[in-house]
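> Starting from the given sequences, assemble the full structure and let the hints guide the process.
Just so you know, the sequences run in chain order C and W. When you line the first sequence up against the working numbering, it's residues 128 to 283, in that order. When you line the second sequence up against the working numbering, it's residues 128 to 283, in that order.
Derived by calculation from the structure, the hints in this document are not laboratory data. Check before you lean on any hint, since a few could be wrong.
As the list claims (entries may be wrong) - Which chain W residues face chain C? A few, computed with CB under 10 Å, are given here:
no., residue
1, 131
2, 132
3, 251
4, 280
Unchecked claim - Cβ pair distances, simulated, as ranges:
no., chain 1, residue 1, chain 2, residue 2, range
5, C, 241, W, 198, 43 to 49 Å
6, W, 202, C, 223, 43 to 49 Å
7, C, 140, W, 229, 20 to 26 Å
8, W, 193, C, 140, 38 to 44 Å
9, W, 209, C, 143, 35 to 41 Å
10, W, 205, C, 157, 36 to 42 Å
11, C, 134, W, 222, 20 to 26 Å
12, W, 154, C, 220, 17 to 23 Å
13, C, 203, W, 198, 44 to 50 Å
14, C, 193, W, 272, 42 to 48 Å
15, W, 151, C, 140, 29 to 35 Å
16, W, 158, C, 195, 40 to 46 Å
17, W, 193, C, 219, 39 to 45 Å
18, W, 206, C, 245, 35 to 41 Å
Stated by the list, open to error - According to the in silico footprint, chain W covers these stretches of chain C (three or more CB under 8 Å from chain W):
no., region
19, 136-149
20, 210-224
Glycine residues also receive a C-beta, built at the ideal position from the N, C-alpha and C atoms.
Number of protein chains: 2
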Amino acid sequence: MKANIVTNEELLNHWQGHRTLTRKVIEAFPEKELFEYSIGGMRTFADLVKELLSIAVPGLEGIVNNTTEAHNHNLPLATKADLLNAWDEATPKINALFMQISEERFQEEFNLFGAYKFPVLHNILYFIDNEVHHRGQGYVYLRSLGIEPPFFWERS
Amino acid sequence: MKANIVTNEELLNHWQGHRTLTRKVIEAFPEKELFEYSIGGMRTFADLVKELLSIAVPGLEGIVNNTTEAHNHNLPLATKADLLNAWDEATPKINALFMQISEERFQEEFNLFGAYKFPVLHNILYFIDNEVHHRGQGYVYLRSLGIEPPFFWERS
Chain C
128 MKANIVTNEE LLNHWQGHRT LTRKVIEAFP EKELFEYSIG GMRTFADLVK
178 ELLSIAVPGL EGIVNNTTEA HNHNLPLATK ADLLNAWDEA TPKINALFMQ
228 ISEERFQEEF NLFGAYKFPV LHNILYFIDN EVHHRGQGYV YLRSLGIEPP
278 FFWERS
Chain W
128 MKANIVTNEE LLNHWQGHRT LTRKVIEAFP EKELFEYSIG GMRTFADLVK
178 ELLSIAVPGL EGIVNNTTEA HNHNLPLATK ADLLNAWDEA TPKINALFMQ
228 ISEERFQEEF NLFGAYKFPV LHNILYFIDN EVHHRGQGYV YLRSLGIEPP
278 FFWERS
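Spelled out as structure tokens, the structure:
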């Protein structure tokens, strides 16, 4: 039987909990390795964080304002403090933008960044999944550097 | 304004899409490296997959049957074929168990495995997030072995 199991506020809180954990992972990296270290030819964790930043607020702005400009991962953030500041600036913007999306809108297709035409809900679930995916990669980078990552369940 | 944005069927389909991708990642590993390779003292990808298997069906069975036995990650699965068979056997069980959970039940607290007392919805979101997290780690293992992982958006 069909059941409504997640509200907008619950999904937003779930995402912000993940964002709190991702922030701890950024903090756990030494400054140099954050911007220089990677495994197997992958991107540095700083580059992965820039991708997350270039998706979250710009993606929600696109959805709310119905604009389909491409996103740009190449953000001018060159230090750990830059990344953390950008992360913290995004937090209230995400809250404000997310809550402007109506129940009907979550089910409507939207051509995100002019490239990803899916229901708005799927686009937002992708933002969250993509963050968990890349953060998991950051955990491996930290472990291979001999640094203990934060516990996966630390979301506050 | 409060909005209902995810139904039980949508969350189940979302999870099964992730499970399809995780299956592709298992397949991408060479037999030997699946069971022996890791980075930074972490578990092998086979051990991570056993954890996922020991959580999904047993966790849903605990929720549906209201039992709180501990889970056991140490499953007797010694080959890639064993893991893939167990994965495929879990798929219809997850579908059947998941759809037995009522709308009200998703909001109720449950002491999962006798250890994790949270609303049922949060426990199930944890199952999914944990899979995405560990699969992201598998991507790093594959990349460091020179193997191209499947695309993150391949869910069918």
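> Now tell me, hint by hint, if it's right for this structure.
Hints, one by one, checked against the model:
{"no.": "1", "hint": "131", "in the structure": "holds, 4 Å"}
{"no.": "2", "hint": "132", "in the structure": "holds, 4 Å"}
{"no.": "3", "hint": "251", "in the structure": "holds, 9 Å"}
{"no.": "4", "hint": "280", "in the structure": "holds, 8 Å"}
{"no.": "5", "hint": "C:241 to W:198: 43 to 49 Å", "in the structure": "holds, 44 Å"}
{"no.": "6", "hint": "W:202 to C:223: 43 to 49 Å", "in the structure": "holds, 46 Å"}
{"no.": "7", "hint": "C:140 to W:229: 20 to 26 Å", "in the structure": "holds, 22 Å"}
{"no.": "8", "hint": "W:193 to C:140: 38 to 44 Å", "in the structure": "violated, 26 Å"}
{"no.": "9", "hint": "W:209 to C:143: 35 to 41 Å", "in the structure": "holds, 39 Å"}
{"no.": "10", "hint": "W:205 to C:157: 36 to 42 Å", "in the structure": "holds, 39 Å"}
{"no.": "11", "hint": "C:134 to W:222: 20 to 26 Å", "in the structure": "holds, 24 Å"}
{"no.": "12", "hint": "W:154 to C:220: 17 to 23 Å", "in the structure": "violated, 40 Å"}
{"no.": "13", "hint": "C:203 to W:198: 44 to 50 Å", "in the structure": "holds, 46 Å"}
{"no.": "14", "hint": "C:193 to W:272: 42 to 48 Å", "in the structure": "holds, 43 Å"}
{"no.": "15", "hint": "W:151 to C:140: 29 to 35 Å", "in the structure": "holds, 31 Å"}
{"no.": "16", "hint": "W:158 to C:195: 40 to 46 Å", "in the structure": "holds, 45 Å"}
{"no.": "17", "hint": "W:193 to C:219: 39 to 45 Å", "in the structure": "holds, 40 Å"}
{"no.": "18", "hint": "W:206 to C:245: 35 to 41 Å", "in the structure": "holds, 37 Å"}
{"no.": "19", "hint": "136-149", "in the structure": "holds (count 5)"}
{"no.": "20", "hint": "210-224", "in the structure": "violated (count 0)"}
Violated hints, listed in ascending order, are 8, 12, 20; each of the other numbered hints is respected by the structure.
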